[in-house]
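Student: Read off the chains here:
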Amino acid sequence: MTDRLPGFSTLAVHAGAQPDPTTGARVTPIYQTTSFVFNDADHAASLFGLQAFGNIYTRIGNPTTAVLEERIAALEGGTAALAVASGHAAQVVVLQQLLMPGDEFIAARKLYGGSINQFTHAFKSFGWNVAWADPDDIGSFERAVTPRTKAIFIESIANPAGSITDIEAIAEVARKAGVPLIVDNTLATPYLIRPIDHGADIVVHSLTKFLGGHGNSLGGVIVDAGTFDWSKDNKYPMLNEPRPEYHGIRIQETFGNFAFAIACRVLGLRDLGPALSPFNAFMILTGIETLPLRMQKHCENAKAVAEFLAGHPAVASVNYAGLASDRYNKLARKYAPKGAGAVFTFSLRGGYDAGVSLVSNLKLFSHLANVGDTRSLVIHPASTTHSQLDDDAKVRSGAGPDVVRLSIGIEDKEDLIADLEQALSA
Amino acid sequence: MNHDNYDDNYIRGILNSVKSIAMVGASPVNVRPSYFAFKYLAQRGYDMIPVNPGHVGKNLVGKPFVASLSDIGRAVDMIDIFRSSSHIMPVVEEALTLSPLPKVIWMQLGARDDAAAAKAEAAGMKVVMNRCPKIEYGRLSSEISWMGVNSRTLSSKRAPIPTQGMRLSLNRMSVGGGATAASDRAAKNKSEPT
Chain F
1 MTDRLPGFST LAVHAGAQPD PTTGARVTPI YQTTSFVFND ADHAASLFGL
51 QAFGNIYTRI GNPTTAVLEE RIAALEGGTA ALAVASGHAA QVVVLQQLLM
101 PGDEFIAARK LYGGSINQFT HAFKSFGWNV AWADPDDIGS FERAVTPRTK
151 AIFIESIANP AGSITDIEAI AEVARKAGVP LIVDNTLATP YLIRPIDHGA
201 DIVVHSLTKF LGGHGNSLGG VIVDAGTFDW SKDNKYPMLN EPRPEYHGIR
251 IQETFGNFAF AIACRVLGLR DLGPALSPFN AFMILTGIET LPLRMQKHCE
301 NAKAVAEFLA GHPAVASVNY AGLASDRYNK LARKYAPKGA GAVFTFSLRG
351 GYDAGVSLVS NLKLFSHLAN VGDTRSLVIH PASTTHSQLD DDAKVRSGAG
401 PDVVRLSIGI EDKEDLIADL EQALSA
Chain H
1 MNHDNYDDNY IRGILNSVKS IAMVGASPVN VRPSYFAFKY LAQRGYDMIP
51 VNPGHVGKNL VGKPFVASLS DIGRAVDMID IFRSSSHIMP VVEEALTLSP
101 LPKVIWMQLG ARDDAAAAKA EAAGMKVVMN RCPKIEYGRL SSEISWMGVN
151 SRTLSSKRAP IPTQGMRLSL NRMSVGGGAT AASDRAAKNK SEPT
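Protein sequence lines, in the order shown, are assigned to chains F and H. Per full-length UniProt numbering: the first sequence ends with 426, consecutive numbering throughout. Per full-length UniProt numbering: the second sequence ends with 194, consecutive numbering throughout.
Because the hints were derived from the structure by calculation, they are not lab data.
Derived EDC-like pairs: lysine to aspartate or glutamate, alpha-carbon spacing no greater than 16 angstroms straight-line:
(1) K297/F to D415/F
(2) K19/H to D77/H
(3) K190/H to D229/F
(4) K363/F to D415/F
(5) K58/H to D71/H
(6) K150/F to D233/F
(7) K338/F to E300/F
(8) K363/F to E414/F
(9) K190/H to E253/F
(10) K190/H to D233/F
(11) K394/F to D134/F
(12) K157/H to D20/F
(13) K126/H to E93/H
(14) K334/F to D197/F
(15) K188/H to D229/F
Here are the in silico distance ranges between beta carbons for each label pair:
(16) M166/H to A304/F: 49 to 59 angstroms
(17) D271/F to K19/H: 38 to 48 angstroms
(18) M89/H to R270/F: 38 to 48 angstroms
(19) E241/F to N171/H: 37 to 47 angstroms
(20) K19/H to K124/F: 51 to 61 angstroms
(21) G178/F to K188/H: 16 to 26 angstroms
(22) N216/F to K157/H: 28 to 38 angstroms
(23) L293/F to M89/H: 47 to 57 angstroms
(24) G165/H to I138/F: 49 to 59 angstroms
None of the values given here were measured: they were computed from a predicted structure. Glycine residues also receive a C-beta, built at the ideal position from the N, C-alpha and C atoms.
One chain only, chain H, in its complex shape (with noise of 0.2 angstroms):
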């Protein structure tokens, strides 16, 4: 598996797939990315549970905080880990003693941890890694290109207007697998020691 840039159809496969995401490192903190994404995947539909231990017993956008993915409690399809590439493997340990097993190990954008990730992948879990799902579901979906960004898809069908809670087609034709060369490469030469 390459981590350095995603098929659209790898992460499309994703995000229409799962339905309950656990956000370790979940900020209540409402200028943090973690509050920005937990609160915008929340809107898109999906089942989101904050994980932060610090946080016990307050809520994020109306969900209550778990301190441990072992608190939760009960099945969750993804992942989504808002920690620094340092603190990623103990997170992926333990997911790795859940039962059933998450379907998807997904590290922010900014994060990347090899080494946790081909030990997800060896117990089968698909990784993604230095991304971030609401910008991807943004991308996807056009949603993102009300800030100009290149959502690198096209599409010749009347969007329908988001309202709160609903999900959105992910399913537009997407320009050259959705990669951006140049970033992809800058992105790569970053993540190599020099």
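So that you can see chain F by itself, here it is in the shape it has in the complex (with noise of 0.2 angstroms):
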């Protein structure tokens, strides 16, 4: 029986958690506290110090966020997890551990319109340089490693038009340059495609989206997959160098396999404090337990949608990688084989005015800025969340002017397909 590995139904409701020591209680409470006491001077010491395990300060750690960075590590094939307040906290968080300044690291161009905004313009000011590869020229990757470069991030499924990034080919690039891939695992889930497996270092997720998965908080994690080598050449000092705020703790040294993950918890979390509220893991934890069972009914939906849609005289085209006709269904086949995911896009024939058009008769779809939500949703990236890209930069990031994009729910498919039916001849 202990050697019996279990589904990921099963890690999806139980991993991280048992019932509470105090009262019995059988869901994870909400810890909501930002503190805890002290056993005597010498517990508080030793926890300071980082000797033993135990709670301080909900900015360091919290109970009921040690269950979602605990269940999230399980579902993702990790080694250890760090919750954050939003998935853009968790690239700050994993980068500071990475980059010095004047240092650089590769992105893929197909990313989420915010991850863009955020690598060119904030992290410029922090002397943190981004090189742009393209995700489907993986020697544009090798092109753009240079002595600087210090990590490669893709997304898994890209953001907005739902392509399949190849992860084993990009990851062996990064294996070659002696530099960690981390993987945006928001859009696929662990449901979908783990990353861990096809050869990345570190998973990142905005929480808010299809793991927490209703729309009602923010979050994000990162996932040290235990894989990386942080004592070689020396390139990662805030790892492999004696820290000074801790007493010269050497993280690598100290904390074997999981060292990406506390130098990220007390070297990123506990100096930049971007902590996530207890009530907020409470809110995810809770969603991911039906995590498997709304993922099956997004990928049935979206494919069903799609599948409207590309036979539509309206449509111009369908960019879903699981239509069989789409460029990335190899991919896909490969890598999702559950599920190509649930956000994807389209583009009309009327162009940029059908567009607007569009969003504006849909009854039951809702126009925000989100994606992974219970609800459908639909935006039109080039005019928001894509709007502070340059035209060429849009285009190649698949939100052109006649591009809208679906976030599909687990609502029947049947009403959703009715309501772009109406709204597409309205």
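Join the two chains into one complex using the hints; note that each chain is given alone, in its own frame.
Tutor: Following this line, the structure appears as structure tokens:
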């Protein structure tokens, strides 16, 4: 019995959680407290010195949040995880451990528009320089590697068009360059794709999307695969050199195969401060319990809607990797055999004006800037999420002026199709 | 015996059965990993003996240092070696001269010497390499879950609140033998010459 591997759905319900030691409460309680009392001065010193397991202050760790962290680490097949306030916070904390001012990282051009902005503008002021590469041309990643490259960043299923990234091919480029591969797995969730199985060293998520799944709570998470050798060539001083803020501890030497997650917690979260609210952790944990069921329904509905749109005369093209005719279908069958996700784009023969008109005519789909909700969502990226990109960059990232993005919910698919049909013919 | 990854039951059996642990290379410096592990294992009720010839006359968490394994002067169940891989063999050879023989040779995270392991196993001892007993105890008891670490175990039982000197149950359900496949593969690749 002890060697039986519990399935994904069992882990989604149980991993990280057990009845509360104090009350016996079966559901993980919301430990809505800033701080935790110490047993005595020695206990306090042990906790501050990272010598003992335990809680100090919710900015560093919280028992509700810890359950969420372990659950996601288990679902992704990682050694440890750290939850933070948002997906954007996860990206800052990860790169803070890896890059010094003047260093570079390579990022796939097809990303969430908010990430493109964060990498291009916000990170420039930290002296972190991004080099862009094309996920459809693996050679462009190889050509972007320089002696100052410290990481490669991609999305497994890429926003906005739901294209599938060849994770293994890019993992090989990262391995040759001696840098970790970071995969944003937000749109796939570990139910559809587990990037660590394909060579990722670090996985990040916006928990706000499918993992939480109900559009009610922001959150982000960092998963340590435990695969990267941080001591090699002393390229990563945050992990490898004695840390003055902890009296000379070397993180990688002390914490072994979960050193990266610890560095993110004690050097990133502790000092930058983007802590997740325990209440949000609770909401997201509750969402994760039904992740497998929801993802099945999301994918089934998305495929039906994509097929409907592909056959509609007002639609010029549909980008959904789950369609047999899609250019990413082969990669989808390899990386996401259970479904190609529920976020995709299509373009209208009527161009920009038809897109604006469609959005305003829909009655069930909500026009808003999120994805991965139980509700079906619609947005016109060129005028919203990707509006800060120039026209050329919009097209290259899959958010041209005629493109509409859908995030398909878990309603009845017949109702979603009927709503699109009436809006397209209105 | 496969030393690339260990079944949880193997580690669980060791940590559940040993009572006394001699830690070779224990450091009195409170930011060293050996200090962390020594203090934690003492808190969890193990009879800990610090072994380090450079610190004889001093105490570590109230336990007096001895210079060598032969100086312990009583039976010891497990030798936990906090030395780099190239310093393992002499410690194992000294352990083999003890009577009664210790039951377990444990080499710390980052330390691995397959020849020394084979010698110890030939003498009937169990061997663990490249692991930390603090991490493994914390993982199997799920106490390490406070830090967001994947314990790779599940339990529907209510756990006690740990107090000083208290042993914790390590008998949770293991997730796939307790392995994290990608990390184990990486460790194996690292230990093999390329």
